[in-house]
Amino acid sequence: MDDSYCDGNALAGPLAEVFAVDMTAATGRCASCGQAGPVAALRVYDRAPGLVARCPSCLEVVLRVVRAPGGMWLDLTGAASLLIALPAG
Amino acid sequence: MAPRALAWRTAILAAHRDETPTAATLVLRVPGWSGHLAGQHVDVRLTAEDGYSTQRSYSLAAPADGELIELTVQQVAGGEVSPYLTEVLAPGDPVEIRGPVGGWFTWQPADTGAVQLVAGGSGIVPLMAMIRARQLAGSTAPFRLIYSVRSPGQLYYSAELGSLAARHDGLDISFAYTRAVPDGWPVPPHRLDAATISPAVWPAELAPACFACGPTAFVETVADILVSLGHHPGRVKTERFGPTGG
Amino acid sequence: MKLPPGQYLTEDFPVLSAGPTPRIPLEQWRFVITSESGQEHSWSWPEMLALPGEQPTADIHCVTKWSKLATSWRGVSVDTLLADVDTAADFALVHSYGGYTTNLPLADLLGGKAWVAYRYDGDDLAPEHGGPARLLVPHLYFWKSAKWVRGIRLLPQDQPGFWESLGYHNYGDPWREQRYQGD
Numbered sequence: 001m002d003d004s005y006c007d008g009n010a011l012a013g014p015l016a017e018v019f020a021v022d023m024t025a026a027t028g029r030c031a032s033c034g035q036a037g038p039v040a041a042l043r044v045y046d047r048a049p050g051l052v053a054r055c056p057s058c059l060e061v062v063l064r065v066v067r068a069p070g071g072m073w074l075d076l077t078g079a080a081s082l083l084i085a086l087p088a089g
Numbered sequence: 001m002a003p004r005a006l007a008w009r010t011a012i013l014a015a016h017r018d019e020t021p022t023a024a025t026l027v028l029r030v031p032g033w034s035g036h037l038a039g040q041h042v043d044v045r046l047t048a049e050d051g052y053s054t055q056r057s058y059s060l061a062a063p064a065d066g067e068l069i070e071l072t073v074q075q076v077a078g079g080e081v082s083p084y085l086t087e088v089l090a091p092g093d094p095v096e097i098r099g100p101v102g103g104w105f106t107w108q109p110a111d112t113g114a115v116q117l118v119a120g121g122s123g124i125v126p127l128m129a130m131i132r133a134r135q136l137a138g139s140t141a142p143f144r145l146i147y148s149v150r151s152p153g154q155l156y157y158s159a160e161l162g163s164l165a166a167r168h169d170g171l172d173i174s175f176a177y178t179r180a181v182p183d184g185w186p187v188p189p190h191r192l193d194a195a196t197i198s199p200a201v202w203p204a205e206l207a208p209a210c211f212a213c214g215p216t217a218f219v220e221t222v223a224d225i226l227v228s229l230g231h232h233p234g235r236v237k238t239e240r241f242g243p244t245g246g
Numbered sequence: 001m002k003l004p005p006g007q008y009l010t011e012d013f014p015v016l017s018a019g020p021t022p023r024i025p026l027e028q029w030r031f032v033i034t035s036e037s038g039q040e041h042s043w044s045w046p047e048m049l050a051l052p053g054e055q056p057t058a059d060i061h062c063v064t065k066w067s068k069l070a071t072s073w074r075g076v077s078v079d080t081l082l083a084d085v086d087t088a089a090d091f092a093l094v095h096s097y098g099g100y101t102t103n104l105p106l107a108d109l110l111g112g113k114a115w116v117a118y119r120y121d122g123d124d125l126a127p128e129h130g131g132p133a134r135l136l137v138p139h140l141y142f143w144k145s146a147k148w149v150r151g152i153r154l155l156p157q158d159q160p161g162f163w164e165s166l167g168y169h170n171y172g173d174p175w176r177e178q179r180y181q182g183d
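Chains as they are written, first to last, in the working numbering: chain F, 1 to 89; chain S, 1 to 246; chain G, 1 to 183.
Worth flagging that the hints you see were computed from the coordinates, not collected in a lab. Yeah, the Cβ is synthetic: ideal placement off N, Cα and C, and Gly gets one too. Mixed in with the good hints, there may be bad ones.
Unchecked claim - So, partial list: chain G residues that the calculated Cβ filter (under 8 Å) puts toward chain F:
no. : residue
1   : Val15
2   : Ser17
3   : Ala18
4   : Gly19
5   : Pro20
6   : Thr21
7   : Val63
8   : Thr64
9   : Trp163
10  : Gly167
11  : Tyr168
12  : Tyr180
13  : Gly182
Chain F with its partners taken away, still in its complex shape (with noise of 0.2 Å):
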């Protein structure tokens, strides 16, 4: 079985270098296929040059990210919208 890979709950570390919030427990809609989940659920291929999570459904990719040394560089071009819920107020 073609193993090498975790899951989103991998990009938890390094998202939040960026963001204040968890991201995730974002849900995420792939551009792909439409397919919408938690981000913490997408198969992340982190056994490379950066991180990079795709879709469990049609498996294109929904995110990438690199941790350059100046800062950190994040394609979201394939999802196509991220809800993360915040606080009321």
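Given the coordinates of chain F, work out where chains S and G should sit on it, guided by the hints.
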């Protein structure tokens, strides 16, 4: 406190406790730690003298005790981080961590519904944090744990799990062995399958919050089985650690 | 023996990937060079294997800091593949099964510097290392040696590939330690 982005900070090893011959619980003191949720994890970064750095994620194994947190680390042969943490890091030594992170694979005592936990190998760690949080809060939420390991010698927390189960206060535990079973075990070792899981899990009608954690292949199999038993996919939360031995 | 700056010698062959390993049946495999005019030159698997093969030995350097020395391959020189291609293009965008891309100047694919490699260390190239065939361009960081290669598009203008568009260096010379943009 307003949410804010996280940076790396330095923790100090306070104590080291062997769980098995190849796994150890590290108790770290983290100045300013303001608590965490059961199921969350931290990232640990090691930097060599020549500047080479590498990082891994480890689940928090227990509720915070003030500034003290616990991680249980499995030694991976040839690994870049785990051999250092389990064999070299000594009390008083610093280690860089970032956390707590992860807001999805979590359980809080305010949740009173039934909970189904399924652990594969080191996947027990965040689920043990949930069990310990339940214990600390005096929660009576109905919990069932299925804990699958290769052999009895690989169990983490076995004494504690035994004494918790013996209290009969709503925590049921069953074990499954994939390579070697204890003496007198009624079945031979085998991979966790629907026939083993089905009698040991809460029925789907109870709509328990399910948490499955362990190597990727294990979690995929377990999640599929839970869904095939009628659990709604939206009620099955998963944390995949990657390929076995990675 | 000298390694490029910041690299560490490894004896194993780490497998890095941005996605699932593609499984391409050999009877469906094609390699296509598309020139800037749209003209296509393609080879099936038997056609690729029938071309003159070379057996380069190369040191390879991954941007994640591991280096492996004296790796041995068998493949077709990209010079051979480009021999009958009419082009004035300066740039190439390499495409892989599974969607991965990487870009480089056409000049870096010529002059005996690049191959479409289908054997590694005496065996058929394993899928996790890019089989049936991968690009091999060892003078640049190994992310340019695209696994599961399916073709090259020749372009008049440079177009950043998968990692080049997300912070990695556009060229990637290990000896000048060109890992990230701005290096």
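Inset, instruction - Tell me, in ascending order, the numbers of any earlier hints that this structure violates. - result: No hint contradicted; all consistent.
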